[in-house]
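Student: To convert, note that position 683 of the sequence shown is 683 in our numbering; the numbers rise steadily by one, no gaps.
Hints in this document: simulated from the structure, not taken from any laboratory.
Do not rely on the hints blindly, as some may be mistaken.
Taking lysine-lysine pairs in the DSS-like style, the calculated list, with each CA pair at most 27 Å apart, reads [what the hints assert, rightly or not]:
id, residue 1, residue 2
1, Lys-224, Lys-425
2, Lys-582, Lys-622
3, Lys-694, Lys-672
4, Lys-672, Lys-650
Now the in silico label distances, taken between C-beta atoms and shown as ranges [what the hints assert, rightly or not]:
id, residue 1, residue 2, range
5, Asn-351, Lys-388, 33 to 41 Å
6, Ile-67, Asn-593, 27 to 35 Å
7, Glu-571, Gly-547, 20 to 28 Å
8, Lys-388, Lys-255, 41 to 49 Å
9, Ile-409, Glu-264, 31 to 39 Å
10, Lys-78, Glu-6, 27 to 35 Å
11, Glu-354, Arg-387, 30 to 38 Å
Quick caveat, the model's predicted, so the values are computed rather than measured.
Cβ atoms here follow ideal geometry from the backbone N, Cα and C, with glycine treated the same way.
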Amino acid sequence: MQFKKEEYPFRTLEKIGFKRSKCKICGKYFWSKKVRDFCDDDECRIKAGLPRYGFIGKPVGKRNNYIESWRTFVKIFKKFNHTPIKRYPVLARWRDDVFFVEASIYDFQPYCVSGEVEPPANPLLVPQFCLRFNDLENIGITGRHYSGFVMVGQHVFNKPNNFIYFKDEGIFYIYKLLTEGFKIPEEEIFFHEDSWEGGGNAGPCIEFFVQGLELGNQVYMQYKKISNKLVELETKVIDMGAGLERFPWILNGTKTSYEVVFPEVLKYLNQFNLTEKEKIILADHTRTLLIALSDNALPSNVSGGYNLRKILRECFSILRKKNLNIVLSELMKIHSREFRIYPELRKVNFNFIEDVLKEEEKKYKETIKNAINIVKKTENFDAETLRKLYQSHGITPEIIKEVKPEIKIPKNLEFSKKIKKKEKKNLFDLTNLPETEKLYYGGKTRTTAKVLKILNDYVVLDKTVFYPRSGGQDYDLGFIGNHRVLEVVKQGNIILHKIEGKLKEGKLVELVVDEERRKQLMQHHTAAHIINGAVRRILGEHVQQAGAEKKVDKAHLDIFHYKKISNEEVEKIEELANVCVKENRKILVNWMNRTEAEQKYGFEIYQGGAVPGKELRIVNIKDWDVEACGGLHLKNTREADIIIITGVKKIQDSVLRIEFLAGEAARNYLRKMEEILKECAEILGCEEDQVFDKAKELFEIWKKMRKH
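Construct the entire structure; sequences and hints are all you get.
Tutor: Structure below.
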């Protein structure tokens with residue numbers, strides 16, 4: 001996609017004395033002070049007879065270290081009324097289309113970018129740590145590649161009624177940053193015209209280079225792409241991302257950027273028998289893992305956790321090959337002191353990190369042991385065989401290469417599944433039907449409603465007291481008139497009721513919810529939140545919800561955790577959950593602006609995953625658990641009555657399922673267990689408290705008889 005000169009901030013560039021030229025090598029347009037016929041892209045420089053990077057050994061601008069470079073950004077952008085904000089977690093729980101934050105704009109997608117929600121500040125500056133795993137093989141080679149890096153984001157969100165600034169001011173601020181902030185001579189700066197598109201949006205952009213190194217890219221997000229046509233967006237956004245690591249590199253002229261980004265870690269590693277590349281890999285990977293673990297992302301063999309395990313195992317592999325006993329958590333501790341941009345790292349729970357590393361090393365050693373035996377028996381290592389080895393045994397191509405280096409592994413294998421947004425299939429075309437008024441949030445179980453539409457067995461009403469299946473909570477049942485309700489589902493903002501029999505459109509009908517079922521579902525839903533709070537207190541703050549289901553006769557909560565839960569821990573979780581029940585804590589439910597909720601409670605509110613909309617329904621169990629949740633809840637914890645954990649099982653790597661019951665369902669379970677115990681005592685001819693010893697005695701007799 002190409003844009004005309006007029007789509008770029010040409011007025012400002014001309015005003016500050018830059019001239020537009022066309023590169024004779026790549027054919028792209030660029031702006032510079034010194035007129036020449038080729039741009040500053042490193043490949044074009046090489047073809048024109050210049051070194052790839054002209055600053056190595058010849059630093060450009062005022063010398064700054066890593067933290068000073070960030071402070072320079074803050075100093076300059078504060079002059080232009082930008083508010084520096086804290087980074088977002090790398091685990092993007094507010095989104096349902098990505099695992100990790102890969103660029104600073106991810107923090108504000110989709111709702112701030114679309115204009116639905118106000119950003120935390122406008123304009124703003126953010127030092128966002130980003131994870132990218134597509135160029136791992138280049139780390140330690142190019143001098144600029146990382147698995148995790150700080151992208152400084154300059155962002156402004158312009159609405160029709162609040163237009164702050166756009167292209168001309170945006171590029172002027174970058175010019176001031178480079179010349180006034182970093183003291184880079186104008187003659188060394190090149191602005192390249194380019195284009196950008198993604199997520200259905202598009203726009204021109206300006207990349208800025210110094211001595212062959214691209215420092216950043218300022219995108220002017222102003223169009224929506226519809227059927228290959230560009231339509232103006234209402235909210236126009238500047239999305240500038242600059243790799244912070246690159247600034248101290250050009251300012252110091254070191255061989256690579258790594259020397260100025262983590263000098264203390266590299267100094268520590270110099271005492272060991274490691275190649276330069278191995279030192280850089282260990283330094284890079286441990287920093288990325290430190291940030292990811294501190295943000296509660298766990299290594300695993302599924303989803304985004306696959307990439308965390310991959311880089312961790314690369315560290316283990318280096319240490320194994322060199323027979324070195326380097327403690328990775330010690331490197332992370334140095335990072336936590338050295339990485340002063342993020343002072344929160346000094347408060348990281350290293351006991352948790354060390355425990356995760358210990359568990360991961362144990363799994364790695366087991367995998368290596370299995371791989372040695374399996375690889376010996378395998379002859380063909382095509383893509384299909386490699387996938388099967390990974391799915392069946394958790395043996396990755398990297399592990400295979402480690403145990404048998406001569407094997408050629410096919411390139412571009414992808415084991416980390418990308419998130420695919422589930423396309424919800426609509427049951428019916430509900431165009432022109434109004435939003436259903438939802439009375440169930442007010443606790444109502446009876447009302448009179450008007451039948452708006454009949455769609456096969458489903459009824460659409462103007463209002464409803466019936467809760468639909470949503471957020472893992474099962475639907476209400478009851479009656480509409482004399483007709484039994486069989487199912488309740490939600491399509492957009494309209495509630496559909498499946499009933500027995502037929503109704504007539506336009507008719508007024510009585511709605512009656514089965515209150516006993518409603519109460520049980522509410523008990524299970526509130527119990528899930530109570531258990532979630534208890535789990536975090538017993539197992540650690542890293543625990544996040546992976547999923548949940550709340551039915552009448554059973555319920556479960558899935559959690560991310562890196563190892564098996566002991567029986568003792570299960571007992572403690574259950575005990576603490578019931579303490580919360582007895583404490584009669586209030587449960588407050590409020591609708592809040594998304595940005596305000598995130599700022600007040602943090603991103604842990606997205607326990608059930610991403611929640612759509614500019615307003616969030618916040619369920620707050622006082623001083624216990626706060627979540628964005630659309631489900632129905634009790635007024636206080638005492639109404640949950642009793643919580644029993646009936647089982648815990650692993651459903652996938654690093655995901656555990658806690659099965660539980662609450663309220664009357666829990667009491668029914670206890671009664672059933674008592675009956676079983678009574679029957680066992682009768683069969684064994686003993687008292688109930690002697691059942692275990694008697695059963696053990698019989699088992700020993702059976703074992704002896706079996707031998708004869």
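Student: Each hint: holds or not?
Tutor: Hints versus structure:
1. A C-alpha spacing of about 25 Å is found between Lys-224 and Lys-425, which places the hinted pair at or below 27 Å, so the restraint holds.
2. The suggested pairing of Lys-582 with Lys-622 holds, with an alpha-carbon distance near 13 Å, which does not exceed 27 Å.
3. In summary, the hint linking Lys-694 to Lys-672 is supported, as the alpha carbons are separated by about 21 Å, within the 27 Å threshold.
4. Taking the CA atoms of Lys-672 and Lys-650, the gap is near 26 Å; set against the 27 Å cutoff, the hint holds.
5. Judged by the Cβ atoms, the range 33 to 41 Å given for Asn-351 and Lys-388 holds: they are separated by roughly 38 Å.
6. For Ile-67 and Asn-593, the Cβ-Cβ distance of about 33 Å falls inside the hinted range of 27 to 35 Å, so the restraint holds.
7. Checked against the hint of 20 to 28 Å, the pair Glu-571 and Gly-547 passes, with Cβ atoms roughly 24 Å apart.
8. Roughly 43 Å separates the CB atoms of Lys-388 and Lys-255, a value that falls within the hinted 41 to 49 Å.
9. Roughly 35 Å separates the CB atoms of Ile-409 and Glu-264, a value that falls within the hinted 31 to 39 Å.
10. Distance hint check for Lys-78 and Glu-6: the Cβ-Cβ separation is about 31 Å, which falls inside the suggested range of 27 to 35 Å.
11. A hinted range of 30 to 38 Å holds for the C-beta pair Glu-354 and Arg-387, which are about 33 Å apart.
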